[in-house]
Amino acid sequence: MSVDLNTRPRFAAGCRMAENNNQHVLLMPERALRLNGPSLEIVSRCDGQHTVAQIVGELQLLYSKAEPRKVEQDILGYLALLQKERALDFEP
Amino acid sequence: MSPSGSEANGISLPMPTTAPSPLALVAELTHRCPLHCVYCSNPLELESRASELSTETWSRVFKEAAEAGALQADLTGGEPLARPDIVELVRHARAVGLYVSLITSGLALDEGKLDLLVDAGLDHFQLSFQGAREETANEISGTKSHQHKLRVLEWIKRYRIGLTLNFVIHRRNIDELDEMLAMVESSLPGSVEFASVQYYGWAFVNRENLLPTRQQLDHCVERLNRAEEELRGKTRVVFVVPDYYAKYPKPCVGGWGRKIMLITPSGDALPCHAAPVIPGLKFENVKNRSLREIWERSEAFEKFRGEHWMQEPCKSCDRRTQDFGGCRCQAMLLTADPAATDPVCSLAPERPKIDAILAKTNQAQRAGSGAAPPANLLRNPHWLYRPNAV
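Protein chains in written order, with my numbering: chain V, 7 to 98; chain S, 6 to 395.
In isolation and in its complexed conformation, chain V is listed as follows (with noise of 0.2 Å):
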């Protein structure tokens, strides 16, 4: 299942963001996913607002250093993932 990036993603029902010890974290049913750099950066734009090629474009400028085809591989990567484990509903 690919990511169209064109959609904007948000939580799902029952996920949200907290922050614990100062250790940022996605709470999901039964599960939770630490949040670090650039997992981060992601998540805390899956606000339903960002398109996923908004999120995208602001982290290739966020990691200029980094090959801008690599980091979008890795987002579109990271977002699959997520919708697998049901944290993220994408709206059109």
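Keep in mind the hints are simulated off the structure, nothing from the lab.
Treat the hints loosely; a few may be bogus.
Cross-link-like lysine-lysine pairs, in silico, DSS-like; alpha carbons within 27 Å at most [what the hints assert, rightly or not]:
{"id": "1", "chain 1": "V", "residue 1": "K90", "chain 2": "S", "residue 2": "K239"}
{"id": "2", "chain 1": "S", "residue 1": "K308", "chain 2": "S", "residue 2": "K255"}
{"id": "3", "chain 1": "S", "residue 1": "K162", "chain 2": "V", "residue 2": "K90"}
{"id": "4", "chain 1": "V", "residue 1": "K90", "chain 2": "S", "residue 2": "K264"}
Cβ pair distances, simulated, as ranges [stated by the list, open to error]:
{"id": "5", "chain 1": "V", "residue 1": "N28", "chain 2": "S", "residue 2": "L193", "range": "30 to 40 Å"}
{"id": "6", "chain 1": "V", "residue 1": "Q60", "chain 2": "S", "residue 2": "S56", "range": "53 to 63 Å"}
{"id": "7", "chain 1": "S", "residue 1": "K162", "chain 2": "V", "residue 2": "R16", "range": "16 to 26 Å"}
{"id": "8", "chain 1": "S", "residue 1": "T60", "chain 2": "V", "residue 2": "Q60", "range": "43 to 53 Å"}
{"id": "9", "chain 1": "S", "residue 1": "E50", "chain 2": "V", "residue 2": "Q60", "range": "55 to 65 Å"}
{"id": "10", "chain 1": "V", "residue 1": "T13", "chain 2": "S", "residue 2": "E72", "range": "33 to 43 Å"}
{"id": "11", "chain 1": "S", "residue 1": "D342", "chain 2": "V", "residue 2": "N28", "range": "36 to 46 Å"}
{"id": "12", "chain 1": "S", "residue 1": "E159", "chain 2": "V", "residue 2": "Q60", "range": "31 to 41 Å"}
{"id": "13", "chain 1": "S", "residue 1": "E159", "chain 2": "V", "residue 2": "K71", "range": "50 to 60 Å"}
{"id": "14", "chain 1": "S", "residue 1": "K358", "chain 2": "V", "residue 2": "K71", "range": "55 to 65 Å"}
{"id": "15", "chain 1": "S", "residue 1": "R54", "chain 2": "V", "residue 2": "Q55", "range": "43 to 53 Å"}
{"id": "16", "chain 1": "V", "residue 1": "T13", "chain 2": "S", "residue 2": "E159", "range": "26 to 36 Å"}
Taking beta-carbon pairs under 8 Å as the criterion, some of the chain S residues facing chain V (in silico) [to be verified]:
{"id": "17", "residue": "G74"}
{"id": "18", "residue": "Y104"}
{"id": "19", "residue": "D128"}
{"id": "20", "residue": "H129"}
{"id": "21", "residue": "I166"}
{"id": "22", "residue": "G167"}
From a predicted model like this one, the values you see are computed outputs, not experimental measurements.
In this text, a Cβ means the ideal position worked out from N, Cα and C, and glycines have one as well.
Could you slot chain S onto chain V? The hints should help.
This is chain S only, laid out in the frame that chain V set:
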């Protein structure tokens, strides 16, 4: 948590050995429950209403859990809705920053109560079903409960809240898998769990009638693999295998004293819900000790934490950091030695015991009694039903 900083002010304090913080607090709020499920994981000796912790104590426990680093609180029981203060407890747990799940049969729920729970900050419902067919579900739960659960499912769907459907599966309902999946298709919860019965508590007593046959299990695995594809991106499918059929044991509770702390209705802190079957383990009570103190220092949590207690073949096994030797309580129940390798492991010296149990199940091939359940559900001679706590 690291043992650093142990010499503050020049005083050497006895610091704990590595005990990472608990990730989840499992709060057994009560042992009262309107259902009588024949596989209930509660102990055979249920705790009474009179011994239950107060609202204030639970609230303190939630706060201490969050401070100790826990992320999640699973409110369970018995039936957590049997607590008249359940809305307040949800509010307290959420207010201290925990992710709050309610693990419920839904039986005591009405639309008003549901609204209050969501408003109090509940994150996630785990709603259990005992089957897809009313007749089966009512027989297994010893209650006429199935229709109400279906109504509750409709109500929950009106809210944007986490939802897991939980089907506990076993020989008597595993053949209803297609119908269970149809329920999933029509409600599309975030997750569905097909949790094979694990043999502790009441399930251990009723094991002979619950253990599926090899053929049933193979069919189930094949069907769920297809379901996972069909539901991808819509509903996450989780399958808990019946570990008697597994090659290696489950990493029970994610490793003893590593991830989970369970508090019984009266406040005893357990590393695992079945831990009281292990003779001689002394449990601390949250009324007398802080959660952190119990987590880091109590004898019961230290007993099987790490690897010091392991025997061969676990001791030198490459898998010991993945499955932690399996389940201590299962080792106790089946080998009378809580430090033995979990006997479901194919490498365990006691594995032949499990094979003998499976051989008996698969020879008998009794996939169902076929007889109509008697008028009084609890008089069904096939089952030993769990009574309600008083």
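Against the structure, the hints:
1. V/K90 with S/K239: Cα-Cα ~8 Å, so holds.
2. S/K308 with S/K255: holds, 19 Å
3. S/K162 with V/K90: holds, 21 Å
4. V/K90 with S/K264: The hint holds at about 24 Å.
5. V/N28 with S/L193: 30 to 40 Å: Once the Cβ atoms are compared, 36 Å apart, the range 30 to 40 Å for S/L193 and V/N28 holds.
6. V/Q60 with S/S56: 53 to 63 Å: Distance hint for V/Q60, S/S56 holds at roughly 56 Å.
7. S/K162 with V/R16: 16 to 26 Å: Cβ of S/K162 to Cβ of V/R16: about 19 Å, so the range 16 to 26 Å holds.
8. S/T60 with V/Q60: 43 to 53 Å: holds, 46 Å
9. S/E50 with V/Q60: 55 to 65 Å: holds, 58 Å
10. V/T13 with S/E72: 33 to 43 Å: holds, 39 Å
11. S/D342 with V/N28: 36 to 46 Å: holds, 43 Å
12. S/E159 with V/Q60: 31 to 41 Å: For V/Q60 against S/E159, whose Cβ atoms are near 37 Å apart, the range 31 to 41 Å holds.
13. S/E159 with V/K71: 50 to 60 Å: holds, 52 Å
14. S/K358 with V/K71: 55 to 65 Å: At roughly 59 Å between Cβ atoms, V/K71 and S/K358 fall inside 55 to 65 Å, so the hint holds.
15. S/R54 with V/Q55: 43 to 53 Å: holds, 49 Å
16. V/T13 with S/E159: 26 to 36 Å: For V/T13 and S/E159 the Cβ distance comes to about 29 Å; the hint holds.
17. G74: For S/G74, the interface hint holds, since the closest Cβ of chain V sits about 6 Å away, which is under 8 Å.
18. Y104: holds, 4 Å
19. D128: Holds - the Cβ of S/D128 comes within 8 Å of chain V, reaching about 6 Å at its closest.
20. H129: Hint on S/H129: holds, closest Cβ of chain V at ~5 Å, below 8 Å.
21. I166: holds, 6 Å
22. G167: holds, 2 Å
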